[in-house]
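Taken in order, these protein sequences are the chains called A, C, B and E. Start counting the first sequence at 73; every next residue gets the next number (the numbering used here). Start counting the second sequence at 73; every next residue gets the next number (the numbering used here). Start counting the third sequence at 73; every next residue gets the next number (the numbering used here). Start counting the fourth sequence at 73; every next residue gets the next number (the numbering used here).
Treat the hints loosely; a few may be bogus.
Identical chains blur together in the list; that is why a pair holds if it fits in one copy or across any two.
Straight-line Cα separation of at most 20 Å, EDC-like style, residue types lysine to aspartate or glutamate; simulated pairs [what the hints assert, rightly or not]:
hint	residue 1	residue 2
1	481	496
2	481	337
3	472	95
4	85	281
5	139	204
6	542	312
7	542	478
8	481	95
9	229	492
10	472	312
11	158	236
12	193	152
Because the hints were derived from the structure by calculation, they are not lab data. Computed from a prediction, not measured in an experiment: that's the story for all the values here.
Protein chains: 4
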Amino acid sequence: MMNFPEYKDSLRKLKTVVYSFGEKINNVVDHPLFEPHINSAGLTYELAHDPRYEDLMTATSHLTGEKINRFTHIHQSTGDLVKKVKMLRMIAQKTGTCFQRCVGFDAMNAIYSVTYEMDQKNGTDYHTRFKEYVKAVQRTDMMVAGSMTDPKGDRSKSPSEQPDPDAFVHVVEKREDGIVIRGAKSHQTGILNSHEMLIMPTEALMEADQDYAVCCAVPVDAEGILHIFGRQTNDTRRLEEGAGIDLGNIKYGTVGGECLTVLNDVFVPWEKVFMCGEYEFAGMLVERFSSYHRQNYGACKTGIADVIIGAAAGISQYNGAAKASHIKDKVADMIHMQETLYCCSIACSAEGSPTAAGNYYVDTMLANCGKLNITRFIYEICRLAHDIAGGYVATLPSEKDLKHPEIGKYVGKYHKGVPDVPAEHRIRMGRLLECLTGGTALLESMHGAGSPQAMKIMLLRQANLNHKFKLACTLAGIAPAEKK
Amino acid sequence: MMNFPEYKDSLRKLKTVVYSFGEKINNVVDHPLFEPHINSAGLTYELAHDPRYEDLMTATSHLTGEKINRFTHIHQSTGDLVKKVKMLRMIAQKTGTCFQRCVGFDAMNAIYSVTYEMDQKNGTDYHTRFKEYVKAVQRTDMMVAGSMTDPKGDRSKSPSEQPDPDAFVHVVEKREDGIVIRGAKSHQTGILNSHEMLIMPTEALMEADQDYAVCCAVPVDAEGILHIFGRQTNDTRRLEEGAGIDLGNIKYGTVGGECLTVLNDVFVPWEKVFMCGEYEFAGMLVERFSSYHRQNYGACKTGIADVIIGAAAGISQYNGAAKASHIKDKVADMIHMQETLYCCSIACSAEGSPTAAGNYYVDTMLANCGKLNITRFIYEICRLAHDIAGGYVATLPSEKDLKHPEIGKYVGKYHKGVPDVPAEHRIRMGRLLECLTGGTALLESMHGAGSPQAMKIMLLRQANLNHKFKLACTLAGIAPAEKK
Amino acid sequence: MMNFPEYKDSLRKLKTVVYSFGEKINNVVDHPLFEPHINSAGLTYELAHDPRYEDLMTATSHLTGEKINRFTHIHQSTGDLVKKVKMLRMIAQKTGTCFQRCVGFDAMNAIYSVTYEMDQKNGTDYHTRFKEYVKAVQRTDMMVAGSMTDPKGDRSKSPSEQPDPDAFVHVVEKREDGIVIRGAKSHQTGILNSHEMLIMPTEALMEADQDYAVCCAVPVDAEGILHIFGRQTNDTRRLEEGAGIDLGNIKYGTVGGECLTVLNDVFVPWEKVFMCGEYEFAGMLVERFSSYHRQNYGACKTGIADVIIGAAAGISQYNGAAKASHIKDKVADMIHMQETLYCCSIACSAEGSPTAAGNYYVDTMLANCGKLNITRFIYEICRLAHDIAGGYVATLPSEKDLKHPEIGKYVGKYHKGVPDVPAEHRIRMGRLLECLTGGTALLESMHGAGSPQAMKIMLLRQANLNHKFKLACTLAGIAPAEKK
Amino acid sequence: MMNFPEYKDSLRKLKTVVYSFGEKINNVVDHPLFEPHINSAGLTYELAHDPRYEDLMTATSHLTGEKINRFTHIHQSTGDLVKKVKMLRMIAQKTGTCFQRCVGFDAMNAIYSVTYEMDQKNGTDYHTRFKEYVKAVQRTDMMVAGSMTDPKGDRSKSPSEQPDPDAFVHVVEKREDGIVIRGAKSHQTGILNSHEMLIMPTEALMEADQDYAVCCAVPVDAEGILHIFGRQTNDTRRLEEGAGIDLGNIKYGTVGGECLTVLNDVFVPWEKVFMCGEYEFAGMLVERFSSYHRQNYGACKTGIADVIIGAAAGISQYNGAAKASHIKDKVADMIHMQETLYCCSIACSAEGSPTAAGNYYVDTMLANCGKLNITRFIYEICRLAHDIAGGYVATLPSEKDLKHPEIGKYVGKYHKGVPDVPAEHRIRMGRLLECLTGGTALLESMHGAGSPQAMKIMLLRQANLNHKFKLACTLAGIAPAEKK
């Protein structure tokens, strides 16, 4: 298992092509824009060596028997699923933001079971290939990005109907030694500081979309790949001279660091291809990956909510208002929503079950239910945090003003709350809250792991409405012959 | 284990004193007002003999090794806690209402652990006594009512400060052979068709309230006890001649059948006394019982919600509106809330842990979180059911009009929806929904197992706000010396 | 203007055919089931003679210059629209329930303007006829029921496509002296104690539905008409001997008293026909009537909410809990929702405008917006009332138990809160709340004046999305040529 | 009345001392950080000369009979109050952000009535002075900032109890020619581009706080005053070279441009002092100002919501998803909330009434009710906008990437939706939405014109709970002697 310095070194060896603000970035690792994202992903390496977290952060490979970083593990029990949830919450409490590494983790577990079922049906050998890939990931402890979301073009059209055939990633050539793919993947979390990306289709496919049914692994610095870094809320504060307090979450930043990753005719050797044309399994792969990924949100977002609640409650104390009953009531409401989210992640894990391949899969209904709550409750938690903290979060002067030789004293004097807390603490806490509850963070809660409507469709599909109807018929005295 | 007929027979042997509408009821078992409640409690006996539900409905006694009805079991693992949840949901799907027997079940598990901890501290032997009591309950398979809520008088005053000392149940005499208690218990669910009641204090107590710290078991027909049956929404429809369709939930009725149970100087022998004066353990007992009881609501109410959703979706089909996108969206919203409730019950069970006495206890935070959601989501689910079903639920003519030789044809003709479903089905389903979503049912969701504010207080107590504050300090760069 | 006794006398003269519980009711006026509805409608007569309310309750006819009951008035200004709102809230504060008379009031104002516009387009003379009808209503001060909702059969089909052609009221014969209509009207509020009914189509119609485009007035006791009374929550409590406390809202009851009104080939003379075949005006008539009617809900329901809030706050005081901060917070939330509803009714009135016929019409967008809020906020207000009041509302023994010579003392003793308030007051207030927040009352808020989806469709139709899109384009720097 | 160029010229003449990012800004008018705020305030000058808006934008002075900019008007009728609402919505539709000038407008109207009532009671002549001041404002058409919010220090202490006496603005010296004040005002909207500031106390005061009861006018560039500009979400994007698309709201920016304004012993001549020591009128002034100011939020925020809805609906069209039923449903929900907010502003205006001084004042209850809705619905509207728009809003590459000679083509290709809309349009619309729904904008909705708890207190104070209680007593049959 790598530690944080080894992880950073391993990134330096890559030739990843990244653009940001119209410039090609030569050194990703030491660029201030990317530093927070590397720091937070890095914590997944660092904590794996911390004896306090050994049970959560590590596991024993079922393939090799080796001790591995849990982020490379294939779940062997509902206990593993529950530990994943607790691990994610614990890390998020320390980062206050996305640490990115769950995406590839989820992709691996989803592909693991789907390749098995594909092989069972078609007599292919994707699963054996994929097990080899998993062993390599576990051995090298590399960071794998999960790459699902295509740009999608016109949402009213399927991949094969798009005016631009590249709106979804597709196979443009099948060669003896491998395949060539083209297209792009959007919103690629953590890809800048990953080693490989696991490409998957983004939706259920029909026969006409066969070329779009592709799942494979490629290095993030493979030929033909370029990454374009997306802007985040207040991103360039990191580029300001002496940036510190104004960053809010000083070390770990906001959200995950997303790229548009362009795949210009990228070659993938067959041993790293895990689906190629099996369109009828695309939907299953999407559902498996999504459900694993939706499991996470009641874990990591709950950890972030711990920080938000701590910051809001802290500010109320700095303001001298912590004992006001309406403040306590709002804090209770925040805790209530946060723990409800946590319940969903725990429940979908505890109710998990083995797939045909033997690895454990979450309860689809409950995982989707949880993520749908995220898209509402995180906004509510942020709203209540704003309410409790007060308007100063929106109008704070810059750190430069606070530290200015002449006017700094006024910034300090007039931002002070209770006498025993320095104004700087109150300002720092306000900036942290600004960072945790702002634009990008909210949007990530909404659309990460799928948009609300995707979950609603899953809920309707998973609920056995006919069974419910029959229950009602029985109680109402309606003859069982009646069917829905 | 008793079956349903044996259960009914056992009730006939009791001399329970019950008043309803100003009359003393001589035969509880065959009275139409009580029949639905006996039917639903009876299902807990009947299903224990159904091989399909053996795993959920029965358990092995850790005291005797015998196979017992799960409702008399002391939880031996988180698996037992999860099975309790699944059992409750399953039964509720069949009754569409409260089946009452969980109250005593929860009381037994709470008293089991608290007596152990009392004995540990004080050298008493309550726990041994209580184990004997549990054995007797398991052997006879009797139904035990959990009796916690006192009338409480002036809510701004503690028990010992009340103008009327009987506003809370208290010990009025300690004798060599036992104690004498006085007071009343409110909202006694299922007490009419129980054999014994387990009396517990209703809130944390101070030294001055010592006499109010009493926990004991008494037969429901003990001398000095009388029960006064409360009115429910549309209760007297059961007394109407030929009552059928208009009842909605024809066999099982609405809610649990609650009594005000008056305890007029009731004698309790020492072997059935499990707390007497240990006021400092009253709060613990209340918290344990409440948390077990709050665990249930995401189980049984989710089962009832299955019926409500089935009825609403069924009506939308009878109306020819099932494919309207807004209907599907509302059904998805109902499922979303329902499964969120279920998540809370599963999670607090899966995250349960052993008490000092060895039995398993739910996660307090998550159990309270779940019940708080109930007090909101059940109202929302009922609101959406009303929305989907349409206004006819509120204006349906009586069954007598439907069956009237002259005007019945109009009632049928003008309540028909799609051609292939008889109007009577649509009417029956409307009546079922009326029954499940009406007044008493809503209020029970609000206050059963404790009112919302009680849960909020628990959430604030369980959340480690100081820990959250420190997490925020670390990220904001505030020196750790800072304490809250 | 009639007073209450004259109104009752006038009802005695009718030969209205009413069925309830399978029996034909000979004397509507003195039947205990109907008494509360007559009492509340009667208040619209009584208060018109009360000098304190003269400004709200009366108006000057623009047709005759006479002083009339405002419920028969054709709105002449936005001031009239605002007074309507204030009148409805004031009466509802006194009845705590529906007083029914607004339906016909709204029907008259809608038909007034639509007949004018029909005549303008088609050269018909409906408007002149209708003015004569209005004069008659104003002169006799009769109560007019507005009859819009058809049974509708299969909701996926238009009137002319229904398997049963009578699922919507339609013209079956046109004669020289008038027309013959057949079908039924559902949910007929106040029809039992009305003199006439104004029949209108229930939805926008196409050419094939021409026979369904019928608007006319008929006496409620015309030949061929029969009314079947719908059951309400706890309706038969009124039939219990000595019924009093258990009724809750003792004098005025729950909701409006709805009937299914069957029209078996009813003859209507031409002078009372106001639309016959003009299908292209059906949608306009529905929209006008609905918007006027939706205006009301933020008025009368706000008045009822005044009572609900007063009862909940009163109980919290009886409980000794009125000073608890969470109680005050919930009361504030109830007030907040209530006054938001009121804002909608005031705003749609103040923003009203004259129709082509000269009478004043509410702002359609804002009226619909208000009713949509009703379908959510009333449920929330009732939920909070339940929360504040406590569980005893659901388990109260009967009045007979309270007054029982032996056990009455226990009912009283154990339902007492603070010392200076008799238990009976606490019980009465609990019963009132039970009555105001139960099943039928909720459903009425949901579907009265149209179901939520109907309002959503109106909101989308009224909002100029293209205008909003252009505003966004301008700010984003997108060339104005871009169109949506 | 000034036009926009004249307004800018007038600002150039001021010697306002402003700090931003630790630097003293010499030329406020041409600084890119302040430009958007000047542009939006400028529109209040520009539109006053647009004949299309003459009725909304101008009024006739009741003091001079001159035509004036409505922002300097003293309301003479409910019609004036309603026009204010419509004017604010109209301007906000064009700016998509705060245009700042309502604060001084509201301060003037509040002070106008309170000075009159002070004089009536105390025989002072503040009102005459203030009328002269109003005349001057009307004549010069200057922009007046309303300055209410003090830094407040420890929220659990009153002004005179604060460890730092300057936590609230107070009089430090009374001289023959005037007074000297010290302290600071927080969150000073639009102060950078105002001419004068109207200082008011921030809360109700007790006798001990007498020195804090000060209301007066001072030029923003008076000696002793310095302004420190607060950071906003994504503020420094305006400083990026070639900034355009990434700004979102290109011309008008985000929120109002707030400063911490420090008052270091500032002299104010008596003719500009409108309260000095009359502590018992401080609460009245705060209530009047706040209610006027809360009136605005359902106006300007509704105008901004028009833009947000237009942008979200526009993006759904660009995405090819505009016809999806769930999109339409969410748009309807947004409209519903927006128009509910508008209802509140219209209603509190239409229900306004004259003060003793003769100018018109809004209905306090309804105005507070409206602002409380803002603190919830704007968050919900933004949440739904995020939902509809999709995740790309959070991960968009920079404009520099879009325009990059090599990679620009990929940014364009993979951000394209439907074929007939250029990717740039979709990107621009996404950026606009990012700007309108981000951090500062949300916080402003929460705390501008007062925080939620302030409104709740007002609602409880305005509601006549005793009246409501009596209504309930009457219906429940509880003797009227009973009092609450």
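Each hint, compared with the structure:
1. Taking the closest pair of Cα atoms, residue 481 and residue 496 come within 20 Å of each other only inside a single copy of the chain (11 Å); across copies the shortest separation is 46 Å, beyond that limit.
2. Only between protomers do residue 481 and residue 337 lie at most 20 Å apart by alpha-carbon distance; the minimum there is 16 Å, versus 59 Å within a single protomer.
3. In this homomeric assembly, residue 472 and residue 95 come within 20 Å of each other (Cα to Cα) only across copies, at 8 Å, whereas the closest approach inside a single copy is 28 Å.
4. Taking the shortest Cα distances, residue 85 and residue 281 never come within 20 Å of each other, neither inside one copy (37 Å) nor across copies (67 Å).
5. For the identical chains of this complex, residue 139 and residue 204 are intra-copy neighbours only, at 17 Å inside a copy versus 49 Å across copies, given an alpha-carbon limit of 20 Å.
6. In this assembly of identical chains, residue 542 and residue 312 lie within 20 Å of each other by CA distance neither inside one copy nor across copies; the values are 64 Å within and 27 Å between.
7. In the homo-oligomer, the alpha carbons of residue 542 and residue 478 never lie at most 20 Å apart, since the shortest distance is 76 Å inside one protomer and 32 Å across protomers.
8. In this homomeric assembly, residue 481 and residue 95 come within 20 Å of each other (Cα to Cα) only across copies, at 15 Å, whereas the closest approach inside a single copy is 39 Å.
9. Taking CA atoms no more than 20 Å apart as the test, residue 229 paired with residue 492 passes between copies only; the shortest distance there is 14 Å, against 61 Å inside one copy.
10. Taking the shortest alpha-carbon separations for residue 472 and residue 312, both the intra-copy value of 10 Å and the inter-copy value of 19 Å come in at or below 20 Å.
11. In this assembly of identical chains, the alpha carbons of residue 158 and residue 236 never lie at most 20 Å apart, being 43 Å within a copy and 45 Å across copies at closest.
12. For the homomeric pair residue 193 and residue 152, neither the shortest alpha-carbon distance inside one copy (28 Å) nor that between copies (38 Å) is at most 20 Å.
Hints 4, 6, 7, 11 and 12 from the earlier list are contradicted by this structure; the remaining hints agree with it.
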